[in-house]
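Construct the entire structure; sequences and hints are all you get.
Number of protein chains: 2
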Amino acid sequence: MASALEWGSRGRQFKSVRPDQIILNMQTVNIGLIGFGTIGKGVVKILCNKQALLSEKLGVNLALKFVCDQDITTSRGVSLEKDILTTDVSKVLCDPQIQVVIELIGGIQPAKDFILKALENKKYVITANKALLAECGDEIFAAAYANGVDVYFEASVGGGIPVIKALREGLISNKVKSIYSIINGTSNYILSMMSQQGCDFKTSLKQAQDKGYAEKDPDLDINGLDSAHKIAILSRMCFRQKIEFKDIFVQGISNIALDDIRYAEELEFKIKLLAIAKQNEEYLDVRVHPAFLPKKHLLSNVEGVFNAVFINTDLAGEMLFYGRGAGELPTASAVVSDFCDIVKRLSLPQALDQQDVDLKARIKKVSTITDISTRYYIRFLAVDEPGVLAKIANILGRLRISIHSVMQKGRRQSGVPIVMMTHKAKEADVQEALIQMNSLNVIKAAPVVIRIEDGE
Amino acid sequence: MASALEWGSRGRQFKSVRPDQIILNMQTVNIGLIGFGTIGKGVVKILCNKQALLSEKLGVNLALKFVCDQDITTSRGVSLEKDILTTDVSKVLCDPQIQVVIELIGGIQPAKDFILKALENKKYVITANKALLAECGDEIFAAAYANGVDVYFEASVGGGIPVIKALREGLISNKVKSIYSIINGTSNYILSMMSQQGCDFKTSLKQAQDKGYAEKDPDLDINGLDSAHKIAILSRMCFRQKIEFKDIFVQGISNIALDDIRYAEELEFKIKLLAIAKQNEEYLDVRVHPAFLPKKHLLSNVEGVFNAVFINTDLAGEMLFYGRGAGELPTASAVVSDFCDIVKRLSLPQALDQQDVDLKARIKKVSTITDISTRYYIRFLAVDEPGVLAKIANILGRLRISIHSVMQKGRRQSGVPIVMMTHKAKEADVQEALIQMNSLNVIKAAPVVIRIEDGE
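Protein chains in written order, with our numbering: chain R, 1 to 456; chain L, 457 to 912.
Keep in mind that the hints were calculated from the coordinates and are not lab data. If a hint is listed, it holds; no wrong ones were tucked in.
Using C-beta positions, here's what the derived DEER-type ranges look like:
1) R:Q70 / L:E724: 48 to 58 Å
2) R:K424 / L:L541: 56 to 66 Å
3) R:T203 / L:K865: 16 to 26 Å
4) R:Q197 / L:D594: 46 to 56 Å
5) R:R262 / L:I825: 18 to 28 Å
6) R:K426 / L:D910: 41 to 51 Å
We put the CB at the ideal spot given by N, CA and C, even for glycine.
Shown next as structure tokens:
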């Protein structure tokens, strides 16, 4: 059982942690990391840079005891003490002080053996390994169960989007009726390029590779297998049914022609590589293939390397979770969230209150609306005579508000409606401009002002 | 501390729970519910209908010991034993067997006194009360902290969307840079009606009221105050700063004219009531007002009563959480997820493994692709001569595949590209049709087929 786990003494700290960040009365959780590639590097960065924040939130010290990789000489741009790095995986798997093993090497073997060994040694495991969980999930989870520990896998689907947590905990009482998802960023990037730039499949793939969005060997991504691994994981979790991975129908995007993309658009559709999972009385309907999707569907607006999971449940209804499905820091963020869940599970009585109550010293002023700068839409009704615009422009110019566009919207008996868009300006200046405009006798009613936000 | 809480003996079960659903060796968690309105009714339904599922997932029995409301005579359409219903709130607040109090009456008082009393009596509290948390959050959370218990509030923002959990746990190591959100369904419904149907504000509001999307007194929704309460809660949690609620700039939608909506559309914008929170070095920028938002932004596609929260963080990047922001079952689903988190916190050693490992008896067949029925896009290149379509239509007709549309796309040297859309048909029939079409000498290359999905 979890509670029977022994807490090791404090392990080695990162080189970059200042002594004042180590809180001596706290428990320490020791971590072993296997796989020092892109995601592994991201995890090390986060554990290092956010050590103080995480310790405060969790009430424990975090110590990365070993980082294991075949290659420990190439620089990753993060500084680790030398004896943290090792090529000997048994140091990670068998060290009794290590409570949590993070597996980030991917692929079935040797990852599977490493994870089974870690579980046998009563270590909690975090993995981003979708192939392994999709193809051998039953065996892995059974081993965890038998050993009284658990396997966490937020990073295996949807990168930085906390969709596993949402399904497992946030929607715990819901029955999932259907999942429609875009969970392979490479394929979605290629389809977006074809649709937006009119490039053909080969050119789009080349571009994805040049930008680092596709591997040199992009097969797993474009043939749909990566999406299939992920939908198998989601299905197992949502439907609480064993899934034979080989039963999932998988079709990739390499046969999508530019013509099909164009015809789809004309018919008010988009073509997306969808991973679908639904259940009915008789069977589970789990499959991956390119599909026409109505343009107005939210998933149709998911472009580039972004991922999104659209879920329909019996209680909460339709939901969409959207975000970056890959990349160093988004994926590492998911790994670290799993780690924090494990720490809370191991040390709840020690963990601090979740609501961050102690904000006494943390009072930051909320800005007043006149502090902000943004773009503005201004509409007003003017008398229909020459020189009106000059008067308005004068006021705005004096207040350093520059005009992006002006449109006269027809002519009404009551006057001429004028619509202006400004460049970025200070709210205080705009408010002053409105007062001055209001006092002009050429303006027939108080101007309407609406702020413009880019949402970024 | 949580662990010091005493476990009460098993409380009263729901009338509808069958004896075989009560597992006698399990701990029981006793719940007291205050407020038997729409959400309260939803919570009772879920606890009742999903009792077996939740007990299996959590490893404890759940018992609703008291449901307190001023009105306990009006039928809610759920059957409860008579002595569960009470008008005496002290029964809930002071019963030593009750470990979790759910407050669903809303408003500042008497909700605040009830919650403070429950906390003082070392009970965990779940609330959907956004006004109370926004205006008195510091006091409430401090009381929880002082008493070694906690307050959960997933249902206070975004209804059924697990956005609080995502921010607190899923993104635990992230620094939130900005939040742009649509978190008032009533306002968004009105703006959608104005934009899509061309109704003016008053007509749209009336329609929202007729459909039950707006209260008889819709002020809190349309004047932006409800959104402000919610963004205050998100800001406090994300920025870990005290927020003085009165400092938040709030402007509602009642002054938005149909003209502004139209001009916005012409300029490639939508008007949305946005709740915004950003932080920079000097101050927090927290505000609620209608804003122009570029049409291509994901939030611009959020229509009707749906809510969405768009977040940008330092690690995981941009994310969107979308779903039903109100309503009986979505909101109750959030309340129940909080409850399950508390149960796990109280009883972790007893809680079952999170991965639902024991699926031995649960093998449902995954359908083969030929089992499905959907609509199809079929493209082929035909020789340029009369009668081609008749031959194709014949094949499809014999296989009961009905054609929705046919388009001839220009004329090429190699032949005439023809694009067909079918109505819903069986995949097996479509595959047979393709084989037969392929054998026609009027078809010049194997047809391309793409499935059409509505994503619903």
